[in-house]
Amino acid sequence: MSRITLSNLAHSYLPQPKSDADFALKEMDHVWDDGGAYALLGASGCGKTTLLNIISGLVRPSQGRVLFGDRDVTDAETTERNIAQVFQFPVVYDTMTVRQNLAFPLRNRGMDPAYIARRIEQIAAMIGMEAMLDKKARGLTADAKQKISLGRGMVREDVNAILFDEPLTVIDPHMKWELRTQLKSLHREFGHTMIYVTHDQTEALTFADKVVVMHEGRVVQMGTPEELFETPAHTFVGYFIGSPGMNLFDAEVSGAEARLGGVSVPLGAVYGPTSGRTQIGIRPEYVTLSDQGLPVTVKRVEDVGRHRILRAELGGQPLNAILGEGMAIPADPRVTFAPARVNVYANDWRIAPQAAGRGA
Amino acid sequence: MDKTQNNKAWFLVLPVLVLVAFSAVLPLMTVVNYAFNDTFGNNEFFWAGLEWFEDMVTSDRLHDALGRQILFSAIILTIQVPLGIFIALNMPKKGFWASLVLILMALPLLIPFNVVGTIWQIFGRVDIGLLGHTLAALGIDYNYTNDPIDAWITVVVMDVWHWTSLVALLCYAGLQSIPQAYYQAAKIDQATRWSVFRYIELPKMKGVLLIAVLLRFMDSFMIYTEPFVVTGGGPGNSTTFLSIDLAKMATGQFDLGPAAAFSLMYFCVILLISWVFYTVMTNLDREENR
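Residue numbers (this note's numbering), protein chains in the order written: chain A, 642 to 1001; chain B, 20 to 309.
Hints are not guaranteed to be accurate.
Reference excerpt, derived from the structure (chain B facing chain A, CB under 7 Å, subset only) [unchecked claim]:
| id | residue |
| --- | --- |
| 1 | Ala-200 |
| 2 | Tyr-201 |
| 3 | Ala-204 |
| 4 | Lys-206 |
| 5 | Ile-207 |
| 6 | Asp-208 |
| 7 | Pro-222 |
Every beta carbon over 10 Å from chain A, so not counted as near; a handful from chain B, in silico [as the list claims (entries may be wrong)]:
| id | residue |
| --- | --- |
| 8 | Lys-27 |
| 9 | Pro-34 |
| 10 | Thr-58 |
| 11 | Leu-69 |
| 12 | Glu-73 |
| 13 | Pro-101 |
| 14 | Gly-158 |
| 15 | Gln-203 |
| 16 | Thr-211 |
| 17 | Ser-214 |
| 18 | Tyr-218 |
| 19 | Ile-219 |
| 20 | Gly-253 |
| 21 | Ile-292 |
| 22 | Val-295 |
I should point out that these hints are in silico values taken from the structure, not numbers from a laboratory.
Glycine included, C-beta positions come from ideal geometry on N, C-alpha and C.
From just these sequences and the hints, can you work out the full model?
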């Protein structure tokens, strides 16, 4: 087990990348702590799998270095890295039984047969396949096969890290929850570094201590679920995390005040002058419907069970707000924003306030 | 609920039956006719019963040809199947080189059988052939017209040259259908090259390999043109395989009765061995599914 350092790393699938757009992964410097549970979150095609394959050595980065602890493994083969990876679609060795499948990584390392037998029993119990151990793997259902893949990923105890590439895509929802819990407890028990790729925010937020959000080949934010929720570093994080995502409005910001189409909105802090496209972002959870503040046009109200979502328009831009139970909509609906919860973005990146303002 | 029985549907098969009757069944029946009768021409037939079959079953000539035939097919299969797999494993998977290699591999398959024979007949000649002359120049005593061993080597090498591509291409198709994730998973699991072949590539190739083995067996078991052009079945009878012997008997000596009895048995043997191959290999498959 070791810390994973990505130094100056970038990757392009083209032999001679010219512009920034040719890179599947833009230059990045990151350290993944030993024993951390990370979720790599992002839309399809944002470079999550590429990053994972670079860590496991299936893809050699076009630039930069990968370090396990202090050892440079950039040129090391996957086999040398001693890393486990579970893929999106099940990979089982058809001609082997379930038991042989699970034992395969251990056999390849020349482990003691008695140890292998013991370990297989543990893993089988973990994935709930004790009864099927002597069945051929090929006739099984897709989710049974994926459980075997997961089991093979977890069977080695001495791996540097376990990487999961959207492993629960083919698993049915009930089993999904159970396996995720298993992974979580496995992490607590053995302390492997785990990196879990997903595009499902619930999955990411429940699994990980730290969530890494990727957007267009870039890591836009690495932080705890709270940090992602309260202070998204990029408008993409604001939009991608949360349901519905963060509201964003074009605004002019000066000092502790934003002007939104002629109306003033107080901010929680003082901001310096901004350049480029300036936006303010507010989570729907922090938008309050009342009879004073900014006038909005209500489009509809959706009942999603625990609460209701107000879909409205503010100065021609869409606005979502979470409504409390049984709250009536006033005749002249207006909204206010909690000043401390408003974030300011210039060209999609969050800008840090200079000093605490009135509302803080 | 009772199923509706409509036997009129059988009429739909009729056109095919008629066609097959004229193209295969009727000619085969004339062979059957010859096999059980004796004739001196003039469309006069005398019933011979199983006489021709008895003759053929006890004939040393047929036994020898059968022995040579089995030996030939066995050699061909043991060389071509592993070699074909080996070539397929080493062929480039994509890009310009993949296309080029595919074309090169397909070329021998496109050459008519008698042309293949002619090519090797000339290629191996000691006086003007590139191969024969070079070997002679190197001091190797090689002459396929005199030496039975040399004749065998020539015929086997020619068949390997002509047909290994077929096995290789079929295996290549099987290999191409393996998703990249399998190789990646094998790397993650720290599998050796042999394990990758044994547990990933071979199982995926099994289906096409069955077809390749069947095709190569049937084709090599009824090989005629190429050895006939190169050696004419000689020297002596050393490369006289079953179909060459059969042709000699039927059109060379006009022994139509024995030849007909011979071809019927030949036909049954091929059918039988192919059936055994197929049954064994599909049964292996079924057992694995259990």
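**Asked** Of the numbered hints stated previously, which ones are contradicted by the structure, given in increasing order?
**Response** 15, 16, 17, 18 and 19
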